[in-house]
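> Start from the sequences, fold in the hints, and give me the full structure.
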Amino acid sequence: MIDDTRRLNSFLRKTRRGHVLKITHELYLRTDITCGSNACQQCIIGQTTLLDKHMKNGNNLISTGHYLLVDTNIVLQQVDVLEDPLLTNVIVPQIVLDEVRHKSLAIYKRIRSIIAIPERKFFVFINEFNKNTFVLRKPGESPNDRNDRAIRKIAQFYNEHLKQQISIVLLTDDIANRDLARQEGLIAFSLKEYISTFNRPELLDRLVLKEESFDLEKDLGKRKEIIFPEHVSVSEVQRGIKSGKYLQGTFQASRENYLEANVFVQDSEKYNQLFVQGYRNLNRAVHDDIVAVEVLPEQEWAIPFSLVIDDKDDDQGDLVIEQEETGLVVQGVSSKRTSSCRIVAIIKRNWRQYCGILQESLPGARFHLFLPHERRIPKIRIESRQAEELKNSRVMVQIDHWPRSSRYPHGHFIKTLGKLGDKETENEVILAEHDILHHEFPEAVLDCLPKLPWTITEEDLANRIDLRDFCIVSIDPPGCTDIDDALHCRSLENGNFECGVHIADVTHFVRPNTALDLEARERGTTVYLTDRRIDMLPVLLSGNLCSLRGGEERFAFSVRWEITPDAKIVNTIFHKSIIKSRSAMTYEQAQAIKDDSGINDEIARSLRRLHSIAAQLRQKRLDKGALVLESSEVRFQLDTETHDPLNVINKELRETNWLVEEFMLLANISVAEKIYELFPDCACLRKHPAPPISNFDPLVKAAETKGFQVKANTGKELADSLDQAILSAHPYFNTMLRMLATRCMMQAVYFCSGFESDIKSFEHYGLATPIYTHFTSPIRRYADVLVHRLLAAGINADATFPDLLNKRVLQQICNNLNYRHRMAQYAARASVDLHTQLFFKNMNTNEDGYVFAVRKNALQILLPRYGLETTLFLRDKDGKSVGEFHEEESTQTINNLTIHMFDPVTVQISVDSNNIQRQRIQIHLVKPFIDGFSVAPIVKNKTTIDEIDNTITTPVKRLKVKSSK
Amino acid sequence: MSTPMDTSSLPIKNKSNQLTSTLTTDYIVGSDLISIEGYRQDGRKPNELRHFRVSFNVVPDADGSCYMEHGNCKLLATIYGPYEGESRSNQEQAIITCDFSMTSYCVSERRLRTFGDMKSQRLQMAIQRVFQQAIITETYPKSQIDIYLKILQSDGNDYSPCVNATTLAFINAGIPMKDFVCSSTVGYIQNKCIIDLNQQEEQQKSPQLTLTIMPQRDDIVALTCESRVHHDIYNEMLDAATRANLQLFDLMKQAVINQLKTVLHVL
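Protein chains in written order, with UniProt numbering: chain U, 1 to 965; chain P, 1 to 267.
Any given hint might turn out to be false.
As the list claims (entries may be wrong) - Straight-line distance between alpha carbons at most 25 Å, and here's what the computed DMTMM-like set of lysine to aspartate or glutamate pairs gives:
1. P:Lys192 <-> U:Glu522
2. P:Lys192 <-> U:Asp460
3. P:Lys45 <-> U:Asp98
4. P:Lys45 <-> U:Asp32
5. U:Lys580 <-> U:Asp697
6. U:Lys807 <-> P:Glu236
7. U:Lys711 <-> U:Asp623
8. U:Lys121 <-> P:Asp32
9. U:Lys807 <-> P:Glu109
10. U:Lys103 <-> U:Asp32
11. U:Lys22 <-> P:Glu236
For the record, the hints were derived by calculation from the structure and aren't laboratory data.
The following block contains the structure:
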């Protein structure tokens with residue numbers, strides 16, 4: 001059917017590509033495009049009609065109702081302001097969106113997500129296809145001028161179209177455009193003019209600083225000088241990289257010294273990593289940027305400065321650099337020089353929003369320095385009118401640009417996160433710094449959820465095998481609400497057993513490419529913080545419909561094996577099922593039932609059978625060389641109301657823990673084999689590469705100090721040598737070795753099988769299995785969702801969809817999952833750190849630990865009770881080093897007393913609150929007592945190791961009293 | 001604890017730069033053939049045809065001729081015949097031959113060879129076969145009908161416009177046919193079917209399907225699909241292609257009727 005309103009007067013738009021090609025595109029101009037205003041009587045009212053009939057927002061520049069019209073630069077630069085809910089009824093022209101998308105995908109996404117919120121009333125006006133607003137580029141007119149004219153044309157169109165009922169306010173920061181608009185009789189303001197009338201200082205703070213506003217500094221009497229060398233042009237960089245003059249790499253600032261950094265070079269045989277030192281060489285690069293570098297001539301190579309340098313806390317303007325740099329030159333042997341380079345250009349900025357605090361400055365000052373939480377990010381200069389209010393809060397800041405004349409990058413304020421030191425605020429910081437998506441689920445996502453009460457339909461039953469009569473139980477940690485696995489075991493007539501693992505059927509609810517699916521895909525994983533859980537799926541699914549709760553009918557994806565009594569697998573089947581879990585047990589309960597010989601019901605019997613099979617499976621796996629690794633995992637017992645940590649519990653491992661684990665491993669391996677067989681090109685698998693032998697050096701060296709030989713040529717060798725390294729006098733020694741071994745490992749990653757040519761590289765080193773995937777936790781990991789879909793499609797249990805076999809898309813998802821997964825781990829660790837600090841706040845205590853590593857100027861001390869690893873700096877009160885380091889034996893000698901690795905020590909723990917932003921746990925040596933270095937034990941208890949329990953309980957009690965108030 | 005000396009965690013952290021956040025919506029945002037507002041790049045909606053215009057009798061010497069513009073594609077179809085062929089045998093049906101050629105300026109990069117290449121030959125064969133079926137060839141035993149197709153300007157797929165123009169030229173020549181023959185393409189981009197692809201859309205590596213039907217008889221004459229398509233989508237695309245052909249059929253029928261009206265008026 002041909003649309004009646006379509007006029008076929010096709011205009012031709014000609015573009016020249018290359019040298020001689022002439023490509024002609026058609027453009028169909030339409031008359032059926034709606035203006036989106038409720039005040040309009042002509043346009044067809046559709047769902048897209050957004051703009052209010054009567055619009056008021058307390059603005060006193062324009063008394064009548066008005067709509068805002070934004071131009072490209074406003075969106076590109078001031079998207080932070082546009083995100084404020086104050087601004088509504090905004091017309092975003094199509095041409096602006098196109099230009100924004102062309103220039104910055106990140107900002108395009110942000111403006112798109114504003115448009116997606118109906119309450120904000122951002123309307124996309126299709127001006128380019130509209131017969132009334134289309135403008136042809138005049139001869140000699142630049143594309144920019146043409147676009148500006150197109151935007152002005154929109155304003156005119158609206159004015160005529162709405163018959164002046166509602167005025168159109170054009171927001172543009174381009175002075176020329178504003179003048180032209182005013183000449184044409186339009187209302188035009190700069191964004192600053194417009195929002196100044198609202199009396200909202202924090203909104204003004206969010207404005208991006210323009211170069212000119214910094215000219216004010218000139219008036220303040222400061223000299224403006226060019227500090228940094230100019231960046232070379234893009235074409236120059238491209239030519240340079242091609243010819244090998246420049247190299248491209250990722251810029252990684254040093255944590256210890258703000259004047260040093262490393263560049264990890266891509267595609268170079270000669271250099272992997274280049275060192276950068278000094279302001280001019282760093283040339284305004286910020287951590288994580290993609291940069292172009294030029295290798296310096298060998299005689300200019302620098303020596304890394306080994307000591308820690310903090311950027312001076314006072315803002316000295318831009319002139320101090322000279323002195324700082326001269327202080328930096330290290331006299332040293334030339335052999336210590338590392339290959340160095342200087343940054344010639346930034347290829348891609350990877351600026352994000354940074355959390356931190358404002359540095360105190362003179363009262364009334366307009367410009368302030370912002371100290372980022374991440375120490376690899378330089379300080380940022382921002383303009384703020386609300387410094388007083390922000391004094392003790394955490395704020396978020398975005399970098400805008402870094403002019404050559406400024407020592408610090410310029411940025412603008414985005415929002416405050418809350419009071420400094422507040423637990424909520426600190427949690428926000430952890431989430432923001434680790435790029436964890438923790439916003440509420442949007443409407444569109446919630447719309448994809450099934451409506452309650454949820455019922456099982458006949459159709460559902462027809463496609464599933466009914467296992468409701470089976471004795472299926474789930475075993476999880478106490479307080480677990482997202483139960484995604486359950487087990488059963490029954491004996492068969494032929495003497496074999498049938499074991500089954502039943503996984504929540506998440507993909508039944510999360511259909512591919514729905515908003516719910518895309519949101520989960522983006523989040524990648526559920527993030528567990530000590531006092532909070534950030535769900536991947538809305539709680540209706542994660543805590544209810546998908547959770548295999550006891551006594552309720554739930555959908556599951558089942559793997560069933562026929563297993564002989566000596567744990568050989570005869571047969572494996574996969575199918576979708578419906579189950580009714582008999583009981584949702586904790587590990588403790590399950591253990592009790594299994595051990596109590598008085599109980600002999602169905603549950604107890606199947607638990608015992610499962611246990612015997614799991615034990616054999618485990619033994620087989622260990623024989624193959626699977627590693628048992630340790631990491632210090634602790635859980636905090638939290639106050640039920642304030643969520644403050646009350647006590648630390650070490651995770652207890654029961655037999656039932658590994659019983660469940662063993663079957664989950666078996667399920668994962670069986671599924672991995674199956675999906676690889678079904679889809680060799682696009683199976684989503686998980687690999688854990690074997691680490692290079694050199695990774696194990698620290699472990700081998702550490703074991704040698706106690707006379708043990710650790711071999712690490714194969715996983716099996718490593719496992720065996722770890723098993724043998726046991727000191728009867730030192731029971732914790734073996735655990736520490738295993739912890740060290742954990743740190744030698746590579747990171748396990750998800751990948752798409754189609755991108756690995758060699759099946760050998762699928763290996764999972766830690767588990768000693770040739771192929772592995774994740775199938776068993778679809779509620780909290782997206783990878784499992786992918787695997788469920790693959791398996792379901794492969795066994796004809798579910799419909800297929802286009803992206804299922806697209807390996808490129810799959811690999812892209814895998815990359816995102818790996819990133820999210822890693823960030824979630826870091827966040828969890830940061831959260832534990834935070835709680836450890838809260839725990840030790842206001843309490844000085846003695847604790848025994850072990851020397852875990854010996855460093856040049858410090859000892860790493862491990863406190864097993866808290867799973868805490870801290871650094872004991874070997875310097876006296878004046879900051880002078882006291883120890884004598886022997887690299888060969890890894891020992892430190894202090895006042896004739898030699899400390900070896902794994903030596904037991906006693907330390908005093910306190911929280912150092914000197915640096916308000918980065919509070920850290922601080923320890924002092926108590927035992928062995930070294931004169932002039934160690935501190936006396938706390939007077940209250942003449943500490944012996946046995947008495948430590950007392951010292952712990954007292955402060956905890958105190959905390960309890962406080963929290964109950 | 002991240003203290004300055006905590007170098008043990010450094011090697012792991014450094015690796016994080018290899019893993020940058022690739023937001024999964026990237027590849028959705030990446031291609032932009034259909035905007036979120038639902039418009040294609042030339043302002044059409046997914047189910048709209050390009051501009052369509054025909055004129056008949058452009059070559060008075062020929063028995064039937066038709067000049068057609070479909071979007072940016074411009075072509076001339078002429079029919080000669082039926083005439084007595086160099087009959088080698090006692091054939092009972094008319095023979096249809098097709099000669100397809102392009103102008104050297106019809107695509108943005110000048111072509112050196114304008115006929116007789118693989119592509120042209122295949123197209124010739126395809127059109128010959130389509131019309132062998134559509135023409136009631138039994139009417140003209142021992143005779144021959146020649147189709148001459150000349151592309152003046154190309155806009156992606158040439159086959160479909162050629163079929164449509166030939167149909168109209170046959171009608172112009174007054175040669176009896178079983179039905180109109182309509183052909184159009186359908187692509188599947190961003191989980192949507194879009195009909196009547198132009199060159200820009202055709203260059204995307206996405207599933208495409210070309211369907212040729214006789215709309216009033218509900219017959220499929222030819223169907224090509226050279227990409228791997230999931231069967232769920234395939235049916236969807238087939239439906240979209242059929243709908244596109246019906247739209248096209250209306251336009252073609254209208255053109256014929258208009259032509260007839262003017263001719264009758266002259267008479």
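> Against this structure, judge whether each hint is valid.
Each hint, compared with the structure:
no., hint, in the structure
1, P:Lys192 <-> U:Glu522, "22 Å, holds"
2, P:Lys192 <-> U:Asp460, "28 Å, violated"
3, P:Lys45 <-> U:Asp98, "18 Å, holds"
4, P:Lys45 <-> U:Asp32, "11 Å, holds"
5, U:Lys580 <-> U:Asp697, "51 Å, violated"
6, U:Lys807 <-> P:Glu236, "23 Å, holds"
7, U:Lys711 <-> U:Asp623, "16 Å, holds"
8, U:Lys121 <-> P:Asp32, "24 Å, holds"
9, U:Lys807 <-> P:Glu109, "34 Å, violated"
10, U:Lys103 <-> U:Asp32, "29 Å, violated"
11, U:Lys22 <-> P:Glu236, "35 Å, violated"
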